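2 protein chains.
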Amino acid sequence: MRLFNKVAIVGTGLIGGSIALAIKKKGLAKEVIGVSRHKKTLLIARRTHAIDKGSQDINIIKDADLVVLATPVDTILNLAPKVGRLIRRDCIVTDVGSTKREIVSRLTRIFPFYVGAHPMAGSQNRGMLHADPGIFKNSLCILTPVRNTDKKAQGKVRKLWLSLGAEVICLSPDEHDKILSFVSHLQHIAAFSLMEVVPRQYLQFAAGGFRDTTRIAASESEIWSDIFLSNRKNIIKSIEVLQLGLNKIKSAINKKDKKLLDKILKRAKLRRDSLDL
Amino acid sequence: MRLFNKVAIVGTGLIGGSIALAIKKKGLAKEVIGVSRHKKTLLIARRTHAIDKGSQDINIIKDADLVVLATPVDTILNLAPKVGRLIRRDCIVTDVGSTKREIVSRLTRIFPFYVGAHPMAGSQNRGMLHADPGIFKNSLCILTPVRNTDKKAQGKVRKLWLSLGAEVICLSPDEHDKILSFVSHLQHIAAFSLMEVVPRQYLQFAAGGFRDTTRIAASESEIWSDIFLSNRKNIIKSIEVLQLGLNKIKSAINKKDKKLLDKILKRAKLRRDSLDL
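From first to last, the protein sequence lines are chains V and H. All the letters of the first sequence, read from the start, carry residue numbers 4 to 280 under my numbering. All the letters of the second sequence, read from the start, carry residue numbers 4 to 280 under my numbering.
These are computed hints drawn from the structure, not numbers from a lab. Treat the hints with care, since some could be wrong.
The list cannot tell twin chains apart, which means a pair is met if one copy fits it or any two copies do.
Said to hold, decoys possible - Below, a list of computed lysine to aspartate or glutamate pairs in the DMTMM-like style, where the Cα atoms sit at most 25 Å apart:
#, residue 1, residue 2
1, 65, 260
2, 236, 265
3, 253, 243
4, 269, 223
Since this is a predicted model, take the numbers as computed values, not measurements.
With the sequences and hints as input, model every part of the structure.
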């Protein structure tokens, strides 16, 4: 089912590359073009048939009817004005940024047909080489429409994500950022912090629990410093809530209060058990 | 290669059951007997040929030449005096407790041929039903001999773990507990805390990062409250170090200090990348 004529993916990394592969695979567009800073990335994207054409020059996107901004948060914000000057007036623009308040507020003012999106898929890996058209299957894609989001554009972006296999739900940008600070950004903060504080000479004793708890600390640090700064207020609040949680457990251990400690751990375990992940 | 005549596994749960299965599979003992509080566990252990004989009555262990205490930390401490009154004078005793200072100090006084051990294998799952003779392959088993540990007994316990596929290294009980507080106990504290503080209604938005970071929060809460209390001082110190780490990241985010934030995250990422896990 063709949804678009020419889709331009700006940033053919893990997510952008996976979207390109999936669009091609499912025939959702007549043509997919890619923009990357790196020649090598474009070469891989062409060789894997993720894109029909690629360029380091963003001018290539000018007659697309869908532009997907799939760069790190900061680059999305920096590129938007230029993209706005290049594209057709009726072009639909979406992005895959992990924070939404700042991006949606700015991009809504630039693009008449902008729909914010955050596909919750991916891994600690990065780059076109890890791209996989199947990563969106059974994932969640959050759309963040606002009052003046064009309904028709929203419908088409929604259809795109459904076609890629994702479940689609809508949240306001503020809700999105608050929720994500608790279910994603905070876990990254915890993983990075754990890696930061464990003495190096002890790392040889790390086993399976350590491996999984810190997996996402291998994520690209620059992508995540952007996300943390872009969602600053929510993240600081969520870190503080985690610190209170740590204090609660620390205090129960300090007081040798086995009953309270059992209660806290049991509740955490039951919550984790109830997760369908 | 037969190492023992009659091995008694006290506590045929995930670890005890896996040891029993592996000993039988590799023919390391003529006979393996099991003790559990639960009839059903013993039934499963017999049906899966983990043990030759099982009983809820600990008297069954009396003529073993190796006793493996594989219960939670607290139960190891509580059972030890009774086991000491039951067994043959020359019986080798070992345990699989996750903390060692308290256990080694007490058990060394009770058993003339005691060797402390901590196999770093297992998962959040619990019980004989999840037992698997292969879980020790390529794992690390830490032995914690002290000054008056019998060298011959230590050699036999070491051989046992090598035969089960583990790499064996020796640490003092104090070193063990300090290191483990940083590479295992702290990760459990972090995972339990993350589950505790994330608002319930947000859990539906959890994805892969959340899943892995909190996997070990599904561990049995009573086992872990025992471990935390038994390694109280080290764990409190490690929590405080984590809190300092969180403060450092929080402060960089608060000050919008992208350079510092990048530096912290990059260092954490490189450390994680260097792990061979």
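Checklist entry - Can you tell me if residue 269 and residue 223 fall within 25 Å by alpha carbon in one copy, between copies, both or neither? => result For residue 269 and residue 223, the Cα distance is within 25 Å only across copies (8 Å; inside one copy 34 Å).
Item to check | 25 Å Cα threshold - placement of residue 243 relative to residue 253 | outcome: Classified as both; 15 Å inside a copy, 9 Å across copies.
Checklist entry - How would you classify residue 65 and residue 260 at a CA-CA limit of 25 Å: within, between, both, or neither? => result Cα proximity of residue 65 and residue 260: none, with 65 Å in one copy and 36 Å across.
Checklist entry - Under a CA distance limit of 25 Å, which applies to residue 236 and residue 265: within one copy, between copies, both, or neither? => result Between copies only: 18 Å across, 32 Å inside.
Hint 1 alone, counting from the list given before, is not met by this structure.
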